[in-house]
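*Asks:* Sequence:
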Amino acid sequence: MRARAAPLNQLNKWQRLTLLLTSAVLMSLSFHPIGLYFCAWFGLVPLFFAIDGMSLKSSFVSGIVFGFFFSLFSLFWLVFLQIEINIRMLLLAGLILLFLYFGIYWGVGTLVSHRRLWLFPFAVAGLEFIRGIGEIGFPWLSLGYSQARYPLIIQQTSLYGVYGLSWWLVLANVSLYKVVTQRTLRYIIILLVIIAAPLVYGKIRMQRPQGRTITIGIIQPNIDPNLKFTRGMREKTFERLIALSRECAQTKYLDLIIWPETAIPIFLKTSGRYHDRVLSLVNSINTAVLTGTPVYEHAEDEVYNGAVLIEPHRGITQEYRKVHLVPFGEHIPFGQYIPFLRKIDVGGGDYAPGKKYTIFNAPAIDFSCLICFESIFPELSRRFVNRGAQLLVNITNDGWFGTISGPQQHNDMAIIRAAENAVPLARCSNTGISMVVDRYGRIQQETRLFREAYITSTVVIQSEKTVYQHLGDVVPIVSLLLVAVVVVFRARKHTTRYN
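Quick note on our numbering: the sequence shown kicks off at 6 and runs consecutively.
No wet-lab data here; the hints were simulated from the structure. It is possible that some hints are incorrect.
Think about it this way: if two alpha-carbon atoms lie no more than 20 Å apart in a straight line, the pair counts; the simulated PhoX-like pairs of lysine-lysine are [as the list claims (entries may be wrong)]:
#1 274 / 361
#2 470 / 208
#3 360 / 274
#4 62 / 361
#5 62 / 18
Here are the in silico distance ranges between beta carbons for each label pair [what the hints assert, rightly or not]:
#6 193 / 338: 45 to 51 Å
#7 230 / 139: 26 to 32 Å
#8 198 / 62: 45 to 51 Å
#9 63 / 185: 19 to 25 Å
#10 198 / 338: 39 to 45 Å
#11 251 / 231: 25 to 31 Å
#12 317 / 453: 27 to 33 Å
#13 453 / 101: 28 to 34 Å
#14 453 / 138: 44 to 50 Å
#15 63 / 498: 19 to 25 Å
Bear in mind that the values here come from a model prediction, so they are computed numbers and not experimental data. For glycine and all other residues, C-beta sits at the position ideal for the given N, C-alpha and C.
Please construct the entire structure, taking both the sequences and the accompanying hints into account.
*Replies:* See below:
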């Protein structure tokens, strides 16, 4: 029996707006601070009802409205960033532009899939990919991240990454919409397969054999980010790191201890006093320490946001300089091409971007270091693992985010990096959340926000090349090509008909 629900042309603009806002609320509920992940599997259905029967222009505007409020409801915590008062008004203006920026992407998605809803999953995956590339890339709120806390579901990212998972979620929404509007057995079967397939694949994948193990320690000093860079806090910060590290090392034998981003806000390489004290600690506990530190390159007269590895009886053996800097936080994008932009005070420091993708060769493990928001870029982690990293380390300082949901959302994005590449991930944050995640994205241990703490965890190291490591973001790239072909074909068809 087949029944097609009538198009909703009879809905007035307020009813359609209500549907758009309902969809925005449902999708935002799937992210922290609420974290109702299952909402992402049906949260777009009200959007589809809202745009049903709309004109091309109205569909585009509706997508913008949905995207604006979805990002507003999900990223409201940005209003509470721990920043100086004198730039808070500038932040508020910037946030309006940011939410509009998100809205335009969703508007393009509803535009290109107008009257062809099957194209919407491809549009979303492709547009999320575009939004995450380049100097100002910002892949926050990619739909796949809503599932980060559910290991069975996120195993599929080992096939096609987080954008592929977003594609799958939107496909589920489209199928559910078809079930509701057309009520055919075909769409019911398709929907059931879409729901069951990730669960079955995840269950099978997580039963694979284990490998060798290493034990790591993570130090969370919980230093107020507003005081961290003051002269009076330097010694206190250092003493706390030393004390926590000694206490951590006494609990069990450790292969590596991790300190957070810019753990000591000095040039550690050239500071004889602090360098010697760290080396003394490393020698006494016989464990290598990775720490974040600013790095000054005298020959280039540049400062980098970096990380160094200090090994027992050897001192600093390797360093990494952050490749992907925070736009408008650590540097001004395109400042080298537009000189007047470099006059803008970015507050966090005008760092230079690093150029090398360092693999740290510690005695027990080869690993890479993702500094701060580098963990949100899938291709960067993939590149590190393909170059030999057996462990991903993320050092960060999320104290600026406050307590509401920013740290949790940032944390969840790092979880997906582990599942995509089938490697464990250790995350060390100054104020939390710090955690250890296994290669399936399961959290082994996790700290609370704004607590002085340390954790130790034993993780399994297993050599495995995932499909995603081999192919990368092929799903969003193919999606973009498909959307482009359909758009060109429709445009030519429309032109021919008009002529």
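*Asks:* Take the hints in turn and mark each one as holding or not.
*Replies:* Status of the hints after comparison with the structure:
1. 274 / 361: holds (18 Å)
2. 470 / 208: Distance ~18 Å between residue 470 and residue 208 Cα, so the pair holds.
3. 360 / 274: It holds: about 19 Å lies between the C-alpha atoms, which stays within 20 Å.
4. 62 / 361: This hinted pair is violated, its Cα atoms lying about 46 Å apart.
5. 62 / 18: holds (14 Å)
6. 193 / 338: 45 to 51 Å: holds (48 Å)
7. 230 / 139: 26 to 32 Å: holds (27 Å)
8. 198 / 62: 45 to 51 Å: violated (35 Å)
9. 63 / 185: 19 to 25 Å: holds (22 Å)
10. 198 / 338: 39 to 45 Å: holds (43 Å)
11. 251 / 231: 25 to 31 Å: holds (27 Å)
12. 317 / 453: 27 to 33 Å: Hint holds: Cβ distance 31 Å, inside 27 to 33 Å.
13. 453 / 101: 28 to 34 Å: Since residue 453 and residue 101 have Cβ atoms about 33 Å apart, the given range 28 to 34 Å holds.
14. 453 / 138: 44 to 50 Å: 34 Å Cβ-Cβ, so the 44 to 50 Å window is violated.
15. 63 / 498: 19 to 25 Å: holds (21 Å)
Violation of the numbered hints given earlier is confined to hints 4, 8, 14; the remaining hints are satisfied by the structure.
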